[in-house]
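S.K.: Residue numbers (numbering that gives the first Met the number 0), protein chains in the order written: chain A, 0 to 96; chain B, 0 to 125; chain C, 0 to 118.
Since the hints were derived computationally from the structure, they do not count as laboratory data. Note that the structure is predicted; figures quoted are calculated from it, not measured. Think of the CB as a built atom: it goes at the ideal place given N, C-alpha and C, for glycine as much as any other residue. Take these hints with a grain of salt, some might be off.
Covered, in the sense of this in silico footprint (three residues per stretch, anywhere, with C-beta under 8 Å from a C-beta of chain B), are these stretches of chain A [what the hints assert, rightly or not]:
hint, stretch
1, 12 to 19
2, 85 to 95
Under the rule of at most 25 Å between Cα atoms (straight-line distance), these lysine-lysine pairs were calculated in the DSS-like manner [stated by the list, open to error]:
hint, chain 1, residue 1, chain 2, residue 2
3, C, K73, A, K85
4, B, K117, A, K53
5, B, K82, B, K10
6, B, K117, A, K85
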Amino acid sequence: MLHTVNKSPFGNDTLETCIRFALPGDPILLIEDGVYAVQAGNRFASMIEAILQKNPVFALQPDLNARGISEIANGVTTVDYEGFVKLVEQHQVNSWL
Amino acid sequence: MDLKQDMNIKKIMHVLRHAPHGTIYTYEGLEMILIMATYDQDISVVFIGDGVYALKKGQETSEIGIKGFARTFPALDGYDVEKLYVDQLSLEERGLTEDDLVVDVEVLSSENIGSLMKEQDVIIQH
Amino acid sequence: MNIGILLKEGPYNHQASDTAYNFAEAAIKRGHTIDAIFLYNDGVLNVSKLMDPPQDDRNISSRWTAFSQKYGVKIFACVVASKRRSINEDVLIEGGVITGLGTFTDIATRNDRLVTFGD
Numbered sequence: 000m001l002h003t004v005n006k007s008p009f010g011n012d013t014l015e016t017c018i019r020f021a022l023p024g025d026p027i028l029l030i031e032d033g034v035y036a037v038q039a040g041n042r043f044a045s046m047i048e049a050i051l052q053k054n055p056v057f058a059l060q061p062d063l064n065a066r067g068i069s070e071i072a073n074g075v076t077t078v079d080y081e082g083f084v085k086l087v088e089q090h091q092v093n094s095w096l
Numbered sequence: 000m001d002l003k004q005d006m007n008i009k010k011i012m013h014v015l016r017h018a019p020h021g022t023i024y025t026y027e028g029l030e031m032i033l034i035m036a037t038y039d040q041d042i043s044v045v046f047i048g049d050g051v052y053a054l055k056k057g058q059e060t061s062e063i064g065i066k067g068f069a070r071t072f073p074a075l076d077g078y079d080v081e082k083l084y085v086d087q088l089s090l091e092e093r094g095l096t097e098d099d100l101v102v103d104v105e106v107l108s109s110e111n112i113g114s115l116m117k118e119q120d121v122i123i124q125h
Numbered sequence: 000m001n002i003g004i005l006l007k008e009g010p011y012n013h014q015a016s017d018t019a020y021n022f023a024e025a026a027i028k029r030g031h032t033i034d035a036i037f038l039y040n041d042g043v044l045n046v047s048k049l050m051d052p053p054q055d056d057r058n059i060s061s062r063w064t065a066f067s068q069k070y071g072v073k074i075f076a077c078v079v080a081s082k083r084r085s086i087n088e089d090v091l092i093e094g095g096v097i098t099g100l101g102t103f104t105d106i107a108t109r110n111d112r113l114v115t116f117g118d
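Excised from the complex, chain A in its bound form (with noise of 0.2 Å):
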């Protein structure tokens, strides 16, 4: 199942939420303000590393190019549109919201 996250984490514990229910192999899809979880340095960087440890991370580079993110974590895959549309044809669909 693909996990979509849209909220920053600094105001928000909606990534936090998503990953206590995503299980083991299902992917992490940030997008909208969802991608300054990924900002490389910043204090949820062993969160991203613990989550990657069972899930892949995917940040939506367009919301990441939008919010002046270039540098990103360790182990995240960057997609476009057309790659979240990939994931969705791979997986049903959980957009947290």
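Based on the hints, put chains B and C in the right spot on chain A.
M.R.: Same frame as chain A, now just chains B and C:
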């Protein structure tokens, strides 16, 4: 015939994560659940985070001028929506127990709820 | 693959309408069918033709009309949510349809995927 084997019946999970009254998400979520329930789907409702507050006993909304809807949850049974799940950690974090809730629910661990999510054809977060 | 989209936020206030649109375009470009866009909560405001943003900004409801005409995709708005928010036939864009949640149930159950955008 086991109805659950019917290909036309989909497993649909509604996830309520917003507190009632402060925003309309939970109320309109409930409206959607009530309508979908009339279409013979396999519906479950999960309360996570502030969503558990929707089930709290003793809500009295007359002074804020918003229609209360907590008593609609016990009525879901009459619409054949019997699968009501509450996230255990969300309940505990808020200092609540099952006795504080207006309806009988199944309190589950995040692992169990995660497994249920995996089984669904459709998940709708409100 | 057939995909339904549920859009739960109004235009401009949140990026949801834009992400839903970009996702839908990309899905069609990859050969998928967008079965319908269903609007719920403040999402119903997406189909108001009274929308009149500054010239240098996108007009989100016109963009939905163009999307609808280009691909033959209906933009459905829940009638109960619409009535709450002053959306009726008089203000409805081309391509917009006010309908009940039964339509949404069909969209949610007949497609391979339902993707939700909201706040």
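S.K.: Are the hints correct? Go through all of them and say.
M.R.: Okay, the hints, checked on the actual structure:
1. 12 to 19: Since three or more residues must qualify, the claim that chain B covers the stretch 12 to 19 of chain A holds, with 3 doing so at under 8 Å.
2. 85 to 95: holds (count 5)
3. C:K73 <-> A:K85: holds, 23 Å
4. B:K117 <-> A:K53: holds, 16 Å
5. B:K82 <-> B:K10: holds, 11 Å
6. B:K117 <-> A:K85: holds, 19 Å
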